[in-house]
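Student: Please model the entire structure based on the sequences and the hints provided.
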Amino acid sequence: MNRRTFIKGAVVSSLAVGIAKPSGAASYYPNNVDQALFENINRVKDPAKKTPLEMSHAPHIVAPASVKAGVPFTVEVSVGERVHVMSPAHWIADIALYVANEPAGRVELQPKGLLEPKVQFNVTLPADAFVAGKVTLVATQHCNLHGYWESRRDIQLA
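Just so we're aligned: the sequence shown equals residues -25 to -1, 1 to 133 in mature numbering (1 follows the signal peptide of the UniProt record, and there is no 0).
Note that these hints are calculated values from the structure, not bench results. Positions of the beta carbon are idealized from the N, C-alpha and C atoms, including for glycine.
Here are the simulated SDA-like cross-link-like pairs (lysine to any residue), alpha carbons at most 20 Å apart as the crow flies:
#1 109 with 133
#2 20 with 122
#3 43 with 105
#4 109 with 47
#5 25 with 9
#6 24 with 125
#7 25 with 37
#8 109 with 79
#9 93 with 73
The calculated label-pair distances, taken between Cβ atoms and stated as ranges, are:
#10 109 with 80: 15 to 23 Å
#11 7 with -16: 32 to 40 Å
#12 132 with 7: 44 to 52 Å
#13 21 with 91: 21 to 29 Å
#14 111 with 46: 16 to 24 Å
#15 20 with 109: 18 to 26 Å
#16 23 with 101: 32 to 40 Å
#17 119 with -19: 34 to 42 Å
#18 -24 with 83: 49 to 57 Å
#19 107 with 8: 35 to 43 Å
#20 83 with 16: 14 to 22 Å
#21 99 with 21: 28 to 36 Å
#22 13 with 83: 15 to 23 Å
Tutor: Okay, here's the thing in structure tokens:
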């Protein structure tokens, strides 16, 4: 067999195999994904009428309504009001908490389905963190199928 015949045969058979079988990713991740969810940061559009997707993907922040400067408090962030399921095909990669624009903490999760996507952060805010008597907590999370999500909550200075 000469070189030209070999290359033609290799190219034709590669194309035939590529067309005949779905890619490995398509067979492992059978869910259709809305690509628009990956274009921007997703947020709840109407808090009074949350969609099922928003209820299971928007970070849910549980924190006191007011805190004293310099006194530690706990902030719990869960992914969704109905906690997001974790499986090898659909998982939360990480959860992060920011105080205004400053990173406060980040937890990476494994896609094995062993953990619930819910974390607690112990936070202590100095008096200068409060602008106009309040500070905004921002929680983010990244879902492999539904993109990047963000929620906010204001805390008052007590």
